[in-house]
Every structure is written in C-alpha cells, then in structure tokens.
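Participant: Sequence:
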Amino acid sequence: MDDFDAALGWVQGHDVARAATVEDGPPLAAGEVQAEVRWRKRSPNHLALDVTVDREAFLVLSQVWYPSWRAEVDGERVTLRRAYGVLSGVYLEPGDNEVTFAYQPRWTVVGGWISGITWIALGSTGLWWAWKGRHRKTDEAER
Numbered sequence: 005m006d007d008f009d010a011a012l013g014w015v016q017g018h019d020v021a022r023a024a025t026v027e028d029g030p031p032l033a034a035g036e037v038q039a040e041v042r043w044r045k046r047s048p049n050h051l052a053l054d055v056t057v058d059r060e061a062f063l064v065l066s067q068v069w070y071p072s073w074r075a076e077v078d079g080e081r082v083t084l085r086r087a088y089g090v091l092s093g094v095y096l097e098p099g100d101n102e103v104t105f106a107y108q109p110r111w112t113v114v115g116g117w118i119s120g121i122t123w124i125a126l127g128s129t130g131l132w133w134a135w136k137g138r139h140r141k142t143d144e145a146e147r
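To convert a position in the sequence shown, counted from 1, into the working numbering, add 4.
These are computed hints drawn from the structure, not numbers from a lab.
The beta carbon of each residue, even a glycine, is placed where N, CA and C say it ideally should be.
One or more of the hints may lead you astray.
Pairwise CB distance ranges (calculated) [as the list claims (entries may be wrong)]:
{"#": "1", "residue 1": "Ile121", "residue 2": "Ala52", "range": "44 to 50 Å"}
{"#": "2", "residue 1": "Gln38", "residue 2": "Val82", "range": "18 to 24 Å"}
{"#": "3", "residue 1": "Trp111", "residue 2": "Ala52", "range": "20 to 26 Å"}
{"#": "4", "residue 1": "Arg42", "residue 2": "Gly115", "range": "30 to 36 Å"}
{"#": "5", "residue 1": "Lys45", "residue 2": "Arg138", "range": "18 to 24 Å"}
All chains should be built: construct the whole structure from the sequences, respecting the hints.
Facilitator: Put into structure tokens, the structure is as follows:
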C-alpha cells in the first residue's frame, strides 16, 4: 500500500470537519470555528467561494492536492497546502474571505508560448514570401 492509499483510508475513517492535519503548516488554536461558506463558481478548473470565519481557520476542500492548482485569498496568492496528505486547503484570517482556486498547469503555459511563437513565425514567413513574390514579378517585368 502506498502513502496515498494510506492517507485516503485515514481520511475516510476520521471526522475531518473538526480538525485538519496540515503538511508544513502552523498549528491553529483548538476549538470550534463558526463558519459560513457560499460558492460563487464551480467549474473543472476554477473554484470561487466566499468564506466567513470567526477566527483563524483552515479551509479544506474535498479535492485532491495537485501542484498545478493555485490559490488566492482576498486577491493575494497564498500557499495551497496539503491536508491529510491528499486534500487541498488554505489558511484564512477572521472575517470575510474571498477564496479562489485555479488550475494552471505549467505545460499549458509553455504550450501557449510555443503556439504563439509558431504562429508569429508562420505569419512572418508568409509575409516574407508574399513580399518576395511581389518583388520577383516586378523584377521580371522590368527585364
């Protein structure tokens, strides 16, 4: 059994709504957190929530942690942390918080740059051939 299977089995057997084991995260005070969560957007690559908490808290999503996900709280990029070794979460300050998660794989960005450069190169080559063809006809007509 690998670490993922062990962590998933542990999560399934515990009440994760009241406590979180966070990888490389600072501990929070024990006790109940009063929270209100409202979804603003849910799509496969973008999640947005409004979260109100009465004290410092850690929001855990029932979504597997993956390095290509990015998180923001109130417009500021924050570290997306692993909770229970497999889930995603972020720390929240007391009060109202706008939380967004976006899937931004690096290879998509690299692929976008490569595609853009390719289109520019093809367009430049096409313009050069059109310009050269026009001048070739002019040179032949003058002879």
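Participant: Per the hint of 44 to 50 Å, is the separation of the Cβ atoms of isoleucine 121 and alanine 52 within bounds?
Facilitator: violated, 32 Å
Participant: Check the following: the C-beta atoms of lysine 45 and arginine 138 are separated by a distance inside 18 to 24 Å.
Facilitator: violated, 51 Å
Participant: Look at the Cβ atoms of glutamine 38 and valine 82 and judge whether their distance stays inside 18 to 24 Å.
Facilitator: holds, 22 Å
Participant: So does arginine 42 sit 30 to 36 Å from glycine 115, Cβ to Cβ?
Facilitator: holds, 35 Å
Participant: Evaluate the given range 20 to 26 Å for the C-beta pair formed by tryptophan 111 and alanine 52.
Facilitator: Holds: the Cβ-Cβ distance is about 24 Å, inside 20 to 26 Å.
Hint compliance for this structure: hints 1 and 5 are not met, and every other hint is.
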